[in-house]
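Chemist: Just need the whole structure built from these sequences, with the hints factored in.
Quick note, the sequences are listed as chains S and D, same order.
Following the numbering used here from start to finish, the first sequence increments by one per residue and tops out at 344.
Following the numbering used here from start to finish, the second sequence increments by one per residue and tops out at 442.
Watch out, some of these pointers could steer you wrong.
Here are some of the chain S residues that sit facing chain D, going by a computed Cβ distance under 8 angstroms [claimed, not checked]:
#: 1; residue: S228
#: 2; residue: D231
#: 3; residue: I234
#: 4; residue: G338
Computed Cβ-Cβ distance ranges for the label pairs, DEER-style [as the list claims (entries may be wrong)]:
#: 5; chain 1: D; residue 1: Q310; chain 2: S; residue 2: G82; range: 18 to 28 angstroms
#: 6; chain 1: D; residue 1: E401; chain 2: S; residue 2: G82; range: 42 to 52 angstroms
#: 7; chain 1: S; residue 1: E263; chain 2: D; residue 2: A25; range: 35 to 45 angstroms
#: 8; chain 1: S; residue 1: S330; chain 2: D; residue 2: F17; range: 44 to 54 angstroms
#: 9; chain 1: D; residue 1: R374; chain 2: S; residue 2: D286; range: 32 to 42 angstroms
#: 10; chain 1: S; residue 1: P320; chain 2: D; residue 2: K178; range: 37 to 47 angstroms
#: 11; chain 1: S; residue 1: E225; chain 2: D; residue 2: V440; range: 27 to 37 angstroms
#: 12; chain 1: S; residue 1: N230; chain 2: D; residue 2: N59; range: 46 to 56 angstroms
#: 13; chain 1: D; residue 1: E401; chain 2: S; residue 2: P320; range: 38 to 48 angstroms
#: 14; chain 1: D; residue 1: Q310; chain 2: S; residue 2: G338; range: 46 to 56 angstroms
Some chain D residues flagged as far from chain S (calculated, every beta-carbon gap over 12 angstroms) [claimed, not checked]:
#: 15; residue: N80
#: 16; residue: T264
#: 17; residue: Y317
#: 18; residue: N414
These are computed hints drawn from the structure, not numbers from a lab.
A virtual CB, placed ideally from N, CA and C, is assigned to each residue, including glycine.
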Amino acid sequence: MMKRKSYRRLWTVVILLCFISAMNPTSVGAFSDQIIQKGATGDDVVELQARLQYNGFYDGTIDGVFGWQTYWSVKEFQEEFGLEVDGFVGTDMKTMLEKATEYDKEFVHRMLNEGRKFTYYGGVDKNIQKGPVGSKEKPIPPAEKPSPEARKEAPAPKQPQPEAPPEDPAAEETPAEKPPETPDEAPAPEEPSPSPEVDVPAPAEEEPVPQDDDINIEKAINVPEGYSDNDIRIMAQAVYGEARGEPYVGQVAVAAVILNRVESSTFPNTASDVIFEPRAFTAVADGQIWMDPDETSRKAVIDAINGQDPTGHALYYFNPVTATSDWIWSRPQIKQIGKHIFCK
Amino acid sequence: MIGLLVAGVIGTAFWGFNENQEKNAVMMQSENNYQRAFHDLSFQIDLLHDEIGSTLAMNSKDRLSPSLAEVWRITSEAQNDLGQLPLVLMPFSKTEDFLQKIGDFSYEHAIKDLDQEPLTDENYEDLEMLYGQAEEIQRELRQVQSHVLNDQLRWLDVDKELQAQEEPMDSPIINGFKNMDEKVEGFKEVHFGADSSGVSANDEEINENLNGDEVDEDKAMKIAEDFLDLDSLEGIEMTETGEGLAYEAYSLMIPDIEHGTTITMDITKKGGHPVWMLNERDVEEESLSLNAASEKAKQFLKKNDYTNMQLVESKQYDNVGVFQFVEMEDDVRIYSDEIVLEVALDEGDIIGFEGFAHLAHPEGDRDTELTMSREEAEEELNPNLQIREHHVAIIENQQGEEVLCHEFYGTKGNDTFRVFINAENGREEIVEKLANPEPVYQ
Numbered sequence: 001m002m003k004r005k006s007y008r009r010l011w012t013v014v015i016l017l018c019f020i021s022a023m024n025p026t027s028v029g030a031f032s033d034q035i036i037q038k039g040a041t042g043d044d045v046v047e048l049q050a051r052l053q054y055n056g057f058y059d060g061t062i063d064g065v066f067g068w069q070t071y072w073s074v075k076e077f078q079e080e081f082g083l084e085v086d087g088f089v090g091t092d093m094k095t096m097l098e099k100a101t102e103y104d105k106e107f108v109h110r111m112l113n114e115g116r117k118f119t120y121y122g123g124v125d126k127n128i129q130k131g132p133v134g135s136k137e138k139p140i141p142p143a144e145k146p147s148p149e150a151r152k153e154a155p156a157p158k159q160p161q162p163e164a165p166p167e168d169p170a171a172e173e174t175p176a177e178k179p180p181e182t183p184d185e186a187p188a189p190e191e192p193s194p195s196p197e198v199d200v201p202a203p204a205e206e207e208p209v210p211q212d213d214d215i216n217i218e219k220a221i222n223v224p225e226g227y228s229d230n231d232i233r234i235m236a237q238a239v240y241g242e243a244r245g246e247p248y249v250g251q252v253a254v255a256a257v258i259l260n261r262v263e264s265s266t267f268p269n270t271a272s273d274v275i276f277e278p279r280a281f282t283a284v285a286d287g288q289i290w291m292d293p294d295e296t297s298r299k300a301v302i303d304a305i306n307g308q309d310p311t312g313h314a315l316y317y318f319n320p321v322t323a324t325s326d327w328i329w330s331r332p333q334i335k336q337i338g339k340h341i342f343c344k
Numbered sequence: 001m002i003g004l005l006v007a008g009v010i011g012t013a014f015w016g017f018n019e020n021q022e023k024n025a026v027m028m029q030s031e032n033n034y035q036r037a038f039h040d041l042s043f044q045i046d047l048l049h050d051e052i053g054s055t056l057a058m059n060s061k062d063r064l065s066p067s068l069a070e071v072w073r074i075t076s077e078a079q080n081d082l083g084q085l086p087l088v089l090m091p092f093s094k095t096e097d098f099l100q101k102i103g104d105f106s107y108e109h110a111i112k113d114l115d116q117e118p119l120t121d122e123n124y125e126d127l128e129m130l131y132g133q134a135e136e137i138q139r140e141l142r143q144v145q146s147h148v149l150n151d152q153l154r155w156l157d158v159d160k161e162l163q164a165q166e167e168p169m170d171s172p173i174i175n176g177f178k179n180m181d182e183k184v185e186g187f188k189e190v191h192f193g194a195d196s197s198g199v200s201a202n203d204e205e206i207n208e209n210l211n212g213d214e215v216d217e218d219k220a221m222k223i224a225e226d227f228l229d230l231d232s233l234e235g236i237e238m239t240e241t242g243e244g245l246a247y248e249a250y251s252l253m254i255p256d257i258e259h260g261t262t263i264t265m266d267i268t269k270k271g272g273h274p275v276w277m278l279n280e281r282d283v284e285e286e287s288l289s290l291n292a293a294s295e296k297a298k299q300f301l302k303k304n305d306y307t308n309m310q311l312v313e314s315k316q317y318d319n320v321g322v323f324q325f326v327e328m329e330d331d332v333r334i335y336s337d338e339i340v341l342e343v344a345l346d347e348g349d350i351i352g353f354e355g356f357a358h359l360a361h362p363e364g365d366r367d368t369e370l371t372m373s374r375e376e377a378e379e380e381l382n383p384n385l386q387i388r389e390h391h392v393a394i395i396e397n398q399q400g401e402e403v404l405c406h407e408f409y410g411t412k413g414n415d416t417f418r419v420f421i422n423a424e425n426g427r428e429e430i431v432e433k434l435a436n437p438e439p440v441y442q
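Modeler: Printed below as a string of structure tokens:
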């Protein structure tokens, strides 16, 4: 019974989608006016990646971060269509993309919000391109990408091989049988269907995505060269444990001290080794490092990694009120920021 | 009633006993960790001494490289052990420096092609000297070790003493390490190659390369006013940096009245160059694209007479754009001479400036004549790499020397790599995988 219902719903959706796309061959461009360049994040980048994937230029993850892979795709596109090959996505390229491709913002954003692994190749039914909810976290067999020859011919949507369904032993249904929407238990709303041909619940069952996407889509983020997000998190915890309540500059300075120690020959060579070196930081000794860091300390760490160092080049710091060690007082001092004196 | 009390007392005693047991177990655990690191350190130093000895006695060149590599590995193990001992707040840096030097020395020679560049007499003298010095460290360390073993000294006591920061500290372990460090201080320095392997700290390089006349406080304030494009410096606070910094500088704290925050910056005394600047204000919702922000950054550099800088990398972190600029000389990117700017994406103002590398590497007459053409350099690349972009650049190689290179960006699969090919001898100076955006794990 459940199964049949699923089928019915699937068909409804498929028919409706055909209907919608027939009515509306090119969706309205949602690109904002900005020139999109490498390093940018946000909705425009999501759209750019989806549109590039639609006609086979981009086979990476649609994650909303303009990284290297997106950059090369943009350049290939520009070369193919005689635009200036500079990696900047300006008005010309956006117009061209909007003409040549479709962009179903709601679909893409829903996939992102539900954390699904998905692709967006043009000419392939979207419903077989998405993985189950949360599938992004699971390892997925590599997607078969459209052959480069296929894309050379025209900007029109090509028919790439759809991605192989994720081999998830836990999932009993194959993606084709899977209802396109979230759990079956969700009762379908008893609304009159918008289309007269079908008298079953309409796709309104899918939770609508808020139109103004306030929740910034951050399915991926930029990280400074050489550091993972987890490294940044550990350092942010150390900074928070050591220097919360200090002025922001003081927090950047503490993060800079950690990094200066990594560079220095007399200290360990990785950030976590420096932080957990016995007796190096009081916040580690008394466990304050295990508190949740706030956004400020994270920002301070990223600033420091990007090269900011309010101390010049300090290796130590201490609180003059509590420090009793003669040795620490004997270090050549650089300056005081907030409660801490920074020294060499 | 009495029964209840007795039960209570017994219960408490039992609970206390359990707690104590647990505490002891945890303490034993951390003591054992310290002991393992310490005895392992001693073992590695023994090995180090022996291995340098065998290097010296060695005749065949084929065995020399592996042996030097082994020395390098052992020093790194020893450094790792040191990092696990509670020695941070102790004068023990000389010994750590010494280990680093042995490591640098052996690494430098291990990676060399010894057929073409055999060890010189001077190198052998250095090795001989390091051999002797390693022996002394070994002897000192063994003495501490035998103390620890015979008198059953505990590292936790050292830890406690350091924690209490009582002066003078007179645990035999601490004294032993102190003695060792004093010995090392008297050691002769190793002769490194022409460049002292890039160990000099950033601030010393800045100090050597500062130009211009000394500026006084008023002048520094004027510089800050122009640099930040402010109308008034009302409420400014100014201090001078201490002796810990190789160059002298003014630290300025300027109230940002519009945002109710503070702008902090350093300006060098000599020449009045801004070193870094930071506005700690919160950035509101973005209204500016990264591209528009990069234009603001370029304008800022132009206005402040940083000419010939080219934008090479931009990244958006939430509502802040971070832009890396490098100096251009005859269309060559000078990577060692960089400036990083941070632009707030709400109002487009500059909220961060980092000019350390720019001050440490002044403009100079760099040789930008290419010996190898791009095509020749391309042949040195891995054929599996699909070349996407090419530039000419000057970078600092691992020995800290500036070298002229062909810079290639290439892709292999979904990853992007950057390869620097030495434009003189075709050597791959640096090959690095560039960071992909990181998915958010939840």
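Chemist: Does the Cβ pair E225 (chain S), V440 (chain D) satisfy 27 to 37 angstroms?
Modeler: violated (18 angstroms)
Chemist: Can we trust that N80 (chain D) is non-interface, i.e. its beta-carbon lies farther than 12 angstroms from all of chain S?
Modeler: violated (7 angstroms)
Chemist: Does the closest beta carbon of chain D sit nearer than 8 angstroms to the beta carbon of I234 (chain S)?
Modeler: This hint is violated: I234 (chain S) lies away from chain D, its Cβ roughly 14 angstroms from the closest one there, beyond 8 angstroms.
Chemist: Measuring from beta carbon to beta carbon, are N230 (chain S) and N59 (chain D) in 46 to 56 angstroms?
Modeler: holds (48 angstroms)
Chemist: Just tell me: holds or violated, for the beta carbon distance of P320 (chain S) and K178 (chain D) against 37 to 47 angstroms?
Modeler: violated (25 angstroms)
Chemist: Could you check that no beta carbon of chain S comes within 12 angstroms of the beta carbon of T264 (chain D)?
Modeler: Non-interface label on T264 (chain D) violated, nearest chain S Cβ at 5 angstroms vs cutoff 12 angstroms.
Chemist: Is the hint on S228 (chain S) kept, meaning its closest Cβ partner in chain D is under 8 angstroms away?
Modeler: holds (6 angstroms)
Chemist: Given the hint of 42 to 52 angstroms, check if E401 (chain D) and G82 (chain S) actually sit that far apart at their C-beta atoms.
Modeler: Given a distance of about 43 angstroms, which is inside 42 to 52 angstroms, the answer is holds.
Chemist: In terms of Cβ atoms, is chain S entirely out of 12 angstroms range of N414 (chain D)?
Modeler: violated (6 angstroms)
Chemist: Just tell me: holds or violated, for the beta carbon distance of E401 (chain D) and P320 (chain S) against 38 to 48 angstroms?
Modeler: holds (41 angstroms)
Chemist: Under 8 angstroms, Cβ to Cβ, is where G338 (chain S) needs to be relative to chain D, so tell me if that hint holds or is violated.
Modeler: With a closest approach of 11 angstroms, the G338 (chain S) hint is violated.
Chemist: Assuming the hint says 32 to 42 angstroms, is it satisfied by the Cβ distance from R374 (chain D) to D286 (chain S) or not?
Modeler: Roughly 57 angstroms apart at Cβ, these two residues miss the hinted range, so it is violated.
Hints 2, 3, 4, 9, 10, 11, 14, 15, 16, 17, 18 from the list above are not met by this structure, while the remaining hints are.
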